[in-house]
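Protein chains: 2
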Amino acid sequence: MEWHLSAGRFVTYARSVSELLKAEKAEEGDMIKVLTNGKEHVGILMPHHDFSDPDTVVLKLKSGYNIGVRLAEGSKVTVVRKVEKKGRHFKAKEIDPSKKNVAVIGTGGTIASYVDYRTGAVHPALSAEDLVATVPEMADICNVKARVLFSIFSENMDVQHWQELAGAVVDQLNSGDEGCIIPHGTDTMGYTSAALSFMLESLPRPVLLVGAQRSSDRPSSDAYTNLLASARFCVQSDAAEVFILMHHTSSDTVAAVHRGTRVRKMHTSRRDAFESVNEPPVALVDFEGGIKFNSAYRKKSSGKVAFKPDMEKEVALIHFYPGMSPEAFEKLMGSHNGVVISGSGLGHVSADMVKVLKRTVDKGIPVVMTSQCLYGSVNLNVYYTGRDLLTAGVIPGGDTLPETALIKLMWGLANTNGEEELRKVMVTNIRGELSDRREIDD
Amino acid sequence: MEWHLSAGRFVTYARSVSELLKAEKAEEGDMIKVLTNGKEHVGILMPHHDFSDPDTVVLKLKSGYNIGVRLAEGSKVTVVRKVEKKGRHFKAKEIDPSKKNVAVIGTGGTIASYVDYRTGAVHPALSAEDLVATVPEMADICNVKARVLFSIFSENMDVQHWQELAGAVVDQLNSGDEGCIIPHGTDTMGYTSAALSFMLESLPRPVLLVGAQRSSDRPSSDAYTNLLASARFCVQSDAAEVFILMHHTSSDTVAAVHRGTRVRKMHTSRRDAFESVNEPPVALVDFEGGIKFNSAYRKKSSGKVAFKPDMEKEVALIHFYPGMSPEAFEKLMGSHNGVVISGSGLGHVSADMVKVLKRTVDKGIPVVMTSQCLYGSVNLNVYYTGRDLLTAGVIPGGDTLPETALIKLMWGLANTNGEEELRKVMVTNIRGELSDRREIDD
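Protein chains in written order, with the numbering used here: chain A, 3 to 444; chain B, 3 to 444.
Here chain A stands alone, though its shape is the one from the complex:
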């Protein structure tokens, strides 16, 4: 069974539809005729994308309008005219020496699927070059150097992918590129941005992860605006951190630039799904013009990236809940080399779990406490439970997000020597992930 967003076609169709199209050798871009339920439809077969129904083929009619036709048993498909294979529709532009180079490193995800509506051309939706070709305005801003690194659903990203991706960024930035844009699936984009943040030290120029909540074949797609805003931010701003750029509102007006360690996907489907937690977005990029910074940020420099890709893979993130089984979770923790707890309120767990955490720490497995509230800060000095956790040796995560604390602990374990040094790293702000304030209050 395949979970990858495969380069093959019809990958997300129901099997019956896929087989019907294959039997007729109908390919994307072909003019086809569909006979279903006694009705006939003629149009260009469009790529099937993530948000489409598996039983439905999308046809671009002569009018330019797209319709979805649901295939049922007995439906017939015939090819009226094969697509003209003329290769890439957009030629790679010549390098313009007056412009800066920006790397685009493709990883997959919804953003990597698109159709060019202006030309009607159908693209296989997987090459980063094709992707940036849908945004020709990017070439007015910079020389785009596009490459595909992966083509996967972001829920399948793991530590090795982060390391490979970070390495690719280092190559690009250390060869002088003005920035890296990384189209990425939104599901785990916040984890990847945190991982890159820690792995890339002394960053001289920006790294922007950018996603889309609507695939590019939908009129409401946010891929185009987000990519264009990313290019502008790379070239026109002086910021040099790992960021996520996504819609700031559900309308196409402004993008938010979130710090890579402070950002979380907070809605399953809205275009403005990403939110900075415990700080405002670092900047807003108006789709029509200016870039406005909300807070301090790392500035561009001429140095090289220091590459620190090592990570301890066996770290667990555990959400505390009332009545959780101390025995079962003690076993789980025991099979890891580090644990992040997403505790209740200011960073609490039940009395039973306090004992489990103490024994876990005593085994030499570091435990970091964060809050499932997400907003605000852990404070283990307020209540008995918190003080017992401190006594047990639990490390307070401050206002670091649970997911970011997970990544930081993975990175910290691999980049420090011994308990004391790790503890110091975890309670110190390294990449903007932690406020100096002990508590964020109203």
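One should not assume that every hint holds.
Because identical chains share one entry, a pair is satisfied inside a single copy or across any pair of copies.
[To be verified] Subject to a maximum C-alpha distance of 30 Å in a straight line, what follows is the list of computed DSBU-like cross-link-like pairs (lysine-lysine): (1) 147 <-> 302; (2) 315 <-> 357; (3) 333 <-> 315; (4) 357 <-> 24.
No wet-lab data here; the hints were simulated from the structure.
Small disclaimer: the values here were computed from a predicted structure and weren't measured.
Put chain B on the given structure of chain A with help from the hints.
Frame of chain A; chain B shown alone:
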């Protein structure tokens, strides 16, 4: 070691301070003299509360003003005058037959700690009667029937506490009370409200859980306003569900009434920490006047509560993250009788974890998918991963919060017979926890 918010005094002092006070037999309410760092302070010893520093005693000066005095080595304490023990300062009012009865069932938490600033009287802060006595205006609205059920930090609440609490509510409502107010620690108040929501069927009158983010000895305490608004909502509205009532903003102007299955603590410390997720608060209660409803709700009736307290305790809530160990989590799931996953995006996990979930379902352990985004809805029909999860037999949780899905699965397992019936309950809206819409979009 004790984690309970004990009825004993000085429970949250540092040991050295506690011992110093004990040695001098200084009790709360005593006029004491403190000599520290060459300075002398005289005042009434106030109770030590959750947000205070462990080394600091709070004295109420003659002026009525409170000061904190930090004790150090060499500090001296002497008792100037013992507190007059005259028992309860507020007499229980006579039952007014023209007014409705409202039950107040104390469980502990920050809200249960208070000092009466108007009289200077010091209360041990644990009796529900004392608690409501701090809000004498409640007696203008209803006859308050106060009782203490527990006195614990809410992170120590578990299934048995929920069952006992639900039973107490049934007793009160079935004896004719107009509503139940449950002061509760805020950490796990959302879990308790969900548990009561499912356990109490055909609710004829409202149950309001109410907390405070500031203990009552702080000028900024939200205990008073929240309790008073709860009494007004019980008596003056016609709503009959399980709700959480907390500040709607960080100022003292409006309370929000959240549906018990839709609410989550979203900030560690703000007074407006609670938010309704995927719907607006059911109602807003102006601290000065009116009650405004935002959406449909269950109306009061004359029936009895149907008590359905059974719960399967061995249910796990698991947060998906990239790189999580399939082996370790498969073992964890195998030791439970039900599993709720807080997946990424529309409800996804990595390909490895899809296989683990399939094997878990095949063992007869139901798995419910929710989203760690919190906002929006799971939709397993969009991507490959989702469809594989459906094929594996994973139950989609729609827009039910992960924590509410956990409680619902605990309840569903104990109140249904067999897989099919459980699945039907999980995908059906039972207590307002699930929208009929398949996807909440922008």
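Results for each hint:
For a Cα distance limit of 30 Å, the shortest separation of residue 147 from residue 302 inside one copy, 20 Å, qualifies, whereas the shortest one across copies, 65 Å, does not. Taking CA atoms no more than 30 Å apart as the test, residue 315 paired with residue 357 passes in both settings, with 25 Å inside one copy and 20 Å between copies. When the C-alpha separation of residue 333 and residue 315 is checked against a cutoff of 30 Å, the pair qualifies both within a copy, at 17 Å, and between copies, at 18 Å. Taking identical chains as interchangeable, the C-alpha atoms of residue 357 and residue 24 lie at most 30 Å apart only when they sit on different chains, with a minimum of 29 Å there against 60 Å within one chain.
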